[in-house]
Each structure stands twice: as structure tokens, then as C-alpha cells.
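Numbering-wise (the UniProt record's numbering), the sequence shown opens with residue 1 and increments by one.
Please keep in mind that the hints were generated in silico from the structure rather than gathered at the bench.
Nothing here was measured: the structure is a model prediction, and the numbers come from that model.
Heads up, a few of these hints could be off.
With a straight-line Cα cutoff of 35 Å, these simulated DSBU-like cross-link-like pairs (lysine-lysine) come out [said to hold, decoys possible]: (1) Lys-128 x Lys-154; (2) Lys-462 x Lys-386; (3) Lys-504 x Lys-517; (4) Lys-128 x Lys-696; (5) Lys-462 x Lys-579; (6) Lys-517 x Lys-237; (7) Lys-517 x Lys-277; (8) Lys-277 x Lys-154; (9) Lys-237 x Lys-381; (10) Lys-386 x Lys-234; (11) Lys-381 x Lys-277; (12) Lys-386 x Lys-237; (13) Lys-504 x Lys-579.
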Amino acid sequence: MATKGKMRTAGYALVFFLSSALISAYLWILYAKVDIHGVVHTAWDASANAFRLGRNTHLVPAGAVTTGPNTMNPRYDPTEPPRERFFDWTVERADLAPDGVTRLMYTINGQFPGPIMQVTEGDTVVVKVRNHIFDNYTVPPAPMSSKLYDVHAKDTDRKFTIHWHGLSMRGMQVMDGASAFTSCALTPGDEYTYRFVVRPEDVGTHWYHSHVGTSRADGLWGMLIVHAREDERKVLKERAPTFDTHWDEEVAISVGDHFHDMGPESLARYVSRWLQKAEPVPENALINGKHVFSCEHSRLSGVPCPAGDADEVGEYSSFHFRPDRAYRLRLVNVGSLADITFSVDGHTMTVIEADGTLVEPLRVHRIPIAPGQRYSVILHKEPTTKADRMWMRAEMSHECFQYTNPVMELESKAIVAYDGRPPAWEDDETHQLFPLRLRSNRAKVSEYVYSNGATLKLPDTKAWSPNVTDAAIPTEPCHDLEPDTLVPLIPDPAPELRLDQGDKREFIYVTVPILEKYGIVPMGFMNGSTWRPYGQRGRDRQPLLHRISHANSTSVRDWYSTDVADPMHELIASPHPSKPVVFELVINNQDDSPHPFHLHGHKFWVMQTGEIDPAYGGYDYYEDVGQVYPLDRRMKRDTVVVPMMGHAVIRWVADNPGVWAFHCHMLVHLASGMAMAIVEQPALLQANPPVPSVCKL
1 MATKGKMRTA GYALVFFLSS ALISAYLWIL YAKVDIHGVV HTAWDASANA
51 FRLGRNTHLV PAGAVTTGPN TMNPRYDPTE PPRERFFDWT VERADLAPDG
101 VTRLMYTING QFPGPIMQVT EGDTVVVKVR NHIFDNYTVP PAPMSSKLYD
151 VHAKDTDRKF TIHWHGLSMR GMQVMDGASA FTSCALTPGD EYTYRFVVRP
201 EDVGTHWYHS HVGTSRADGL WGMLIVHARE DERKVLKERA PTFDTHWDEE
251 VAISVGDHFH DMGPESLARY VSRWLQKAEP VPENALINGK HVFSCEHSRL
301 SGVPCPAGDA DEVGEYSSFH FRPDRAYRLR LVNVGSLADI TFSVDGHTMT
351 VIEADGTLVE PLRVHRIPIA PGQRYSVILH KEPTTKADRM WMRAEMSHEC
401 FQYTNPVMEL ESKAIVAYDG RPPAWEDDET HQLFPLRLRS NRAKVSEYVY
451 SNGATLKLPD TKAWSPNVTD AAIPTEPCHD LEPDTLVPLI PDPAPELRLD
501 QGDKREFIYV TVPILEKYGI VPMGFMNGST WRPYGQRGRD RQPLLHRISH
551 ANSTSVRDWY STDVADPMHE LIASPHPSKP VVFELVINNQ DDSPHPFHLH
601 GHKFWVMQTG EIDPAYGGYD YYEDVGQVYP LDRRMKRDTV VVPMMGHAVI
651 RWVADNPGVW AFHCHMLVHL ASGMAMAIVE QPALLQANPP VPSVCKL
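Kindly generate the complete structure, drawing on both the sequences and the hints.
Below you can see the structure in the form of C-alpha cells.
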């Protein structure tokens with residue numbers, strides 16, 4: 001018996017060894033086959049291309065803290081009377097090198113990231129968008145076992161919609177920009193005009209992005225700031241007088257993971273048998289669309305470097321502050337997979353906003369940000385910090401990756417310099433500043449050289465020690481800030497749930513099974529349903545909003561599309577047919593990955609989050625169903641992390657008639673089906689349909 005046991009153990013070890021060897025071999029082949037044609041630019045070549053784009057499309061206001069598409073206008077006046085703000089966009093694709101490695105990226109008016117939008121509550125926003133994706137890129141053949149075209153129909157990469165992440169779209173459901181939920185996608189040659197009003201509930205740090213396929217991972221996004229008409233500094237001073245929450249200037253900062261492969265290629269590997277359910281791991285992370293890429297890691301691992309023989313390529317973003325001014329940093333995680341921990345060496349931060357909700361000030365050294373989440377922080381240079389140049393850091397939470405990418409840059413950095421403003425030159429006619437791009441970026445040097453000869457020394461500061469902790473910072477990776485540490489600044493108690501008076505509770509079970517029915521590859525499921533935006537033979541389905549608005553029934557079972565290959569490709573919940581009720585959603589995560597869930601059309605109160613419990617996702621129906629949660633001091637936001645094998649309980653008032661997507665914001669999970677629809681007050685939609693029966697651009 002002992003001999004048999006040893007043989008069995010040896011057999012298991014051999015299987016494990018062979019599986020690991022196959023995955024390692026596949027990864028080596030994957031990265032070895034990277035097309036490096038045109039990858040190895042000098043920094044000047046890559047930057048010169050970006051500079052030519054900038055010269056034609058992006059003017060930087062004098063006195064700006066930073067340069068690039070995320071540059072906020074320091075002279076923006078939110079006290080102006082409400083007005084119409086018009087934006088004219090053309091979406092294309094171009095070869096760009098955000099981290100020095102050239103790849104195909106989506107651009108808006110030639111820019112990546114897309115241009116920042118600054119609007120004020122009460123404004124009417126008009127965005128005219130054209131799809132000019134006419135390039136000759138074709139998605140490479142997927143691995144033999146891949147089910148890519150089951151979840152990503154042919155030519156999906158040439159389509160897009162624009163979703164305004166964080167806006168309620170109250171009374172303007174069709175403008176939400178969620179393909180198959182409220183909108184049909186723009187195909188090459190199409191043109192569409194989004195028109196909506198931003199309301200007081202929309203004030204905050206937000207962003208916009210494509211909601212079709214994987215184009216969000218490939219650059220089709222930008223930042224969106226909705227300013228309050230009342231000065232938020234005054235509100236904070238009145239309600240939190242003991243905290244230092246003053247700022248003189250605002251700075252928009254995007255952080256997020258970055259892949260060297262196109263999104264459909266990464267998705268094709270995920271929905272195959274190759275990665276054994278492991279999500280594709282990025283090569284880099286970017287701050288405001290930039291970072292450097294080093295070949296050190298790949299040389300140590302023996303994997304060919306996508307940057308060829310160069311030691312380092314790319315460019316750091318830089319932020320130029322004045323010592324006598326205070327700064328509000330508006331942070332967005334635009335990534336498609338990785339949680340990001342944000343910090344600035346030698347600085348602490350006071351958190352004042354999360355997902356558009358002002359919060360009681362919270363002092364931290366670093367802050368975790370999940371994909372889709374946003375925060376505002378006031379930056380404080382510590383008295384003991386003597387350096388005038390230091391690193392800003394955006395570190396990916398690699399603990400939640402399921403394999404090691406041998407060429408990955410785990411941490412993205414940017415330069416913070418207390419020297420007034422970025423090197424730039426002023427246009428004689430407009431008196432506006434144009435950014436100067438780096439002329440050279442030699443490996444292992446201590447300074448950057450700009451095209452006018454100006455230099456910028458690189459920082460030599462160290463990150464905060466892991467021993468420096470904050471009570472609000474989670475001890476486990478890929479979690480939100482600790483429960484109860486984020487509290488709305490302006491009291492906004494959660495409503496009671498009165499099931500006996502028509503309120504409603506739904507239970508959602510999240511899994512990523514590998515089923516024979518779907519080719520033995522991972523798919524995202526919610527309550528046994530895996531969402532698809534396509535009908536039979538890959539046709540775009542009529543959006544749910546259009547179907548429901550012209551249906552003859554308010555019953556969920558009568559809304560399902562007849563053009564769906566599998567009836568379990570739509571999961572729909574409807575709180576009430578005709579009146580606003582309190583709706584509670586219990587999300588049980590039975591997967592071994594955390595999931596940042598985002599709700600369209602609303603903010604919700606986070607009533608509870610729970611930790612690991614393999615059996616129930618942490619929520620025990622028999623013990624917890626009668627639980628009465630505290631209603632005061634519940635955080636209100638639109639994106640929450642549901643811990644691995646854990647749960648979250650969220651609650652909102654379903655008072656926004658429409659069809660609202662609820663989904664995981666990790667892109668491969670969303671693309672493989674981890675989504676559902678919340679349909680609010682369908683009888684009102686049918687009484688006065690907001691859209692035609694057939695979606696038309």
C-alpha cells in the first residue's frame with residue numbers, strides 16, 4: 001500500500017511538472033513570437049511622432065502641471081452658467097509606443113489617451129463620434145481550442161460604443177453606450193452623436209470608454225471630470241474643518257495595466273485550454289498613457305524581449321508642482337485586469353472622493369484602486385522629505401495574477417518635480433504651451449534630455465516601506481479599502497429594505513466554470529447564465545432597451561431575444577414593473593479571483609462585504625438573510641470589489657427607468673459573459689418608448 005501511495009504521489013508530481021512545463025513552453029513561444037519589426041525606436045523617433053500629433057491636436061494651457069491628453073485646464077471656470085459643450089471625435093487606430101514598444105492602439109483625434117473632458121453639472125454634453133477604423137489589421141488565428149468567436153464575433157474589434165462610466169444618464173438611457181444593453185455598435189463609416197445632461201448626482205471623477213469587445217484594453221478611453229457648481233473646497237472645510245483639504249489646482253491621472261498584444265489575441269488565449277483559466281497577464285502599467293520598458297526581466301528569464309536589444313525604451317510621465325501650491329489628484333484605474341496601488345514617495349494623501357462621492361477625509365500613504373474605480377486625493381509633501389524630485393508609483397497587485405509574465409514591468413513610475421512647470425515652448429500667436437518631448441532616453445542614466453536641451457534629473461527616492469501601514473489599507477491584495485473607512489461626507493443613509501412592501505432582493509452566484517458544453521474553456525457565469533451581445537451567426541443583437549420598450553409584457557420571461565443561440569445568454573432582473581423600489585443584490589463570488597463589479601445608471605450603498613468561504617461565497621442564506629444592516633455611514637459608489645470566494649451586499653433605489661448593465665470590470669471576464677441586465681420600471685418605458693423598436697444610428 002505504501003508503494004502504491006508513493007507511486008500515486010509520484011504520478012501527481014509528474015502530471016504537475018508536465019503541466020507546468022507545457023505552460024512555460026507556451027509562454028516562451030508566445031513572447032518569442034512577438035513581432036519586433038519597428039519596435040526598437042530611439043526615444044526621439046517615438047516621441048517625435050507623438051510630438052507631431054500633439055502639435056496638431058493638443059494645446060497645453062500655460063501654467064499646466066503636466067502635458068498630454070490628460071492635461072486639465074487650470075483656468076476652467078465651473079461657475080459659468082450651464083451651457084452646451086461640444087466635442088468632435090474621430091476614432092481610428094495607429095501604431096503607437098506608449099511604453100516604447102510599438103503596437104496598434106485606438107486613438108481619438110490622433111491621441112492616446114483620448115482627450116480629457118471637463119464639464120459642469122447642468123451642462124449639456126454633445127459628442128459627435130465617427131468610426132474611421134479602416135486599417136488592415138486582422139485578428140490572428142486563435143489557438144485551436146479557443147472559443148474566441150463564440151464571445152467576440154468577427155470584426156468586433158472594428159466596432160465600438162462609448163460608455164460614460166459613472167454618469168446616471170437619468171432619462172437618457174439610450175446614451176449610456178452599452179452595446180446590446182442600450183445601444184448598437186458603430187461600425188466603420190458610422191457616425192453618431194451622444195447628447196446628455198450632466199446632473200448634480202454626476203459630479204466627480206469619471207471616465208469614458210468603449211463598451212464593445214476588448215477595445216478598452218487597446219486604448220479607447222479617456223478621462224471625464226464633472227465639476228460641481230458649488231466649490232467643493234468650501235463643503236469640505238465646513239464639514240471637516242480639522243483636516244487639510246484645500247487645493248489650488250487639480251491634476252488628472254490615469255493608471256492601468258498595458259498589454260503588448262491586441263485585446264482579441266489575449267482574449268483568444270483566455271477562452272482556450274492553453275492558460276487553464278488563468279487571465280492573461282500584462283507586460284506593463286502606464287501612468288497617463290506612458291511608461292518605460294526594460295529588457296532586464298526577459299534577459300534573466302531567457303525570453304526574447306519585445307524591445308529587441310535596447311536596454312530601455314519609452315518615456316516617463318512628469319508632473320511639475322510648485323512648493324507653494326496644493327494639488328488635488330483625480331485618479332482613475334483604466335486597466336482591464338490589475339488592481340493598482342498608487343503612491344508618491346515622501347508624500348501622504350488625504351482621500352476626499354470615491355467614485356463621485358465626497359467622503360470624510362482619510363489620510364493614507366498609499367491607496368488600492370480596482371479597475372473602473374476612481375478616487376480624489378489631496379497630496380501632502382511630508383516635512384521630512386527634502387528631495388525636490390520623487391517617484392510617483394502605480395504598482396500592479398501581482399499576487400492576484402495566476403502566472404508570471406517573464407517580461408512584465410510590475411510597477412509604473414512617473415516623475416514628480418517641484419520646479420514650476422514642464423519644459424515647453426510657447427506659440428507666438430496663441431500664447432499656449434506645447435509639450436517638449438524627450439530627445440533621448442539612454443539606459444541607466446540619471447537625467448532626461450528634452451528637445452530644446454533642457455534636462456530633468458531622474459528621482460532617486462524610495463517607495464514607502466511595507467512596514468508603513470494605514471488602518472484603511474487592506475492586508476490582503478486586490479481588496480477595497482477596509483470596510484467602514486470610507487464614509488460619505490454628506491450624510492446619505494441607505495434605505496431600509498421592506499420586502500413585505502414590495503422591495504426586492506436577488507441573489508447572484510458568480511462562477512468561471514470550464515464546461516464541456518462550451519468547449520472546456522473558461523466562461524464568465526452569473527446564475528448559470530453567460531451573457532452574449534451577439535445573436536446567431538455572430539449578428540449584433542437588438543439592444544435589450546429597444547426590445548423591452550416595444551414589448552407587450554412587463555414579464556422578464558417574455559423579453560428574451562429569439563435571435564440567441566442559447567437562451568442562457570441573457571440574465572435579467574427587474575425590481576418592479578412600474579414604481580421605484582429598494583433593490584438589494586447579494587453577489588456571491590464562488591470564483592478564485594476577486595471581481596470588481598460596476599453598475600450602470602446608479603451609485604449603490606455597500607451594505608457589507610465578506611471574505612473567503614468556498615461553500616457560499618461568504619453569504620449564508622439561512623443565517624444572513626434576516627440580517628439588518630446599519631443604514632448610516634454606508635459608502636455609496638458604483639464599483640465594488642467582491643473578494644475571491646467572498647461576497648458583497650449592495651442596495652439602491654431602482655428609480656431610473658431603463659436597462660442598466662451590471663458586470664465585472666475585468667475585461668476578459670466581461671467579454672466571456674460575466675454580465676447581467678437590471679431593468680427598472682419597464683411599464684414606463686413601454687408607455688413612452690425612449691427608442692425605436694429597431695436600433696438605428
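Going down the list of hints, with the structure as the test:
Among the hinted pairs, Lys-128 with Lys-154 is consistent with the structure: their alpha-carbon atoms are about 26 Å apart, no more than 35 Å. Annotation: proposed proximity of Lys-462 to Lys-386 holds, straight-line Cα distance about 13 Å (limit 35 Å). Taken as a hint, the Lys-504 and Lys-517 pair is honoured in the structure, with Cα atoms around 33 Å apart against an allowance of 35 Å. With a C-alpha separation of about 15 Å, the suggested pairing of Lys-128 with Lys-696 holds against the 35 Å cut-off.
With a C-alpha separation of about 56 Å, the suggested pair Lys-462 and Lys-579 falls outside the 35 Å cut-off, and the hint is violated. Taking the CA atoms of Lys-517 and Lys-237, the gap is near 58 Å; set against the 35 Å cutoff, the hint is violated. A C-alpha spacing of about 16 Å is found between Lys-517 and Lys-277, which places the hinted pair at or below 35 Å, so the restraint holds. Taken as a hint, the Lys-277 and Lys-154 pair is honoured in the structure, with Cα atoms around 23 Å apart against an allowance of 35 Å.
A C-alpha spacing of about 20 Å is found between Lys-237 and Lys-381, which places the hinted pair at or below 35 Å, so the restraint holds. In summary, the hint linking Lys-386 to Lys-234 is supported, as the alpha carbons are separated by about 31 Å, within the 35 Å threshold. For the proposed pair Lys-381 and Lys-277, the alpha carbon gap of about 43 Å is over 35 Å, so the pair is violated. For the given pair, Lys-386 sits about 29 Å from Lys-237 by alpha-carbon distance, which is consistent with the 35 Å threshold.
A hinted pair counts as satisfied when its Cα atoms are at most 35 Å apart, and Lys-504 with Lys-579 qualifies at roughly 12 Å.
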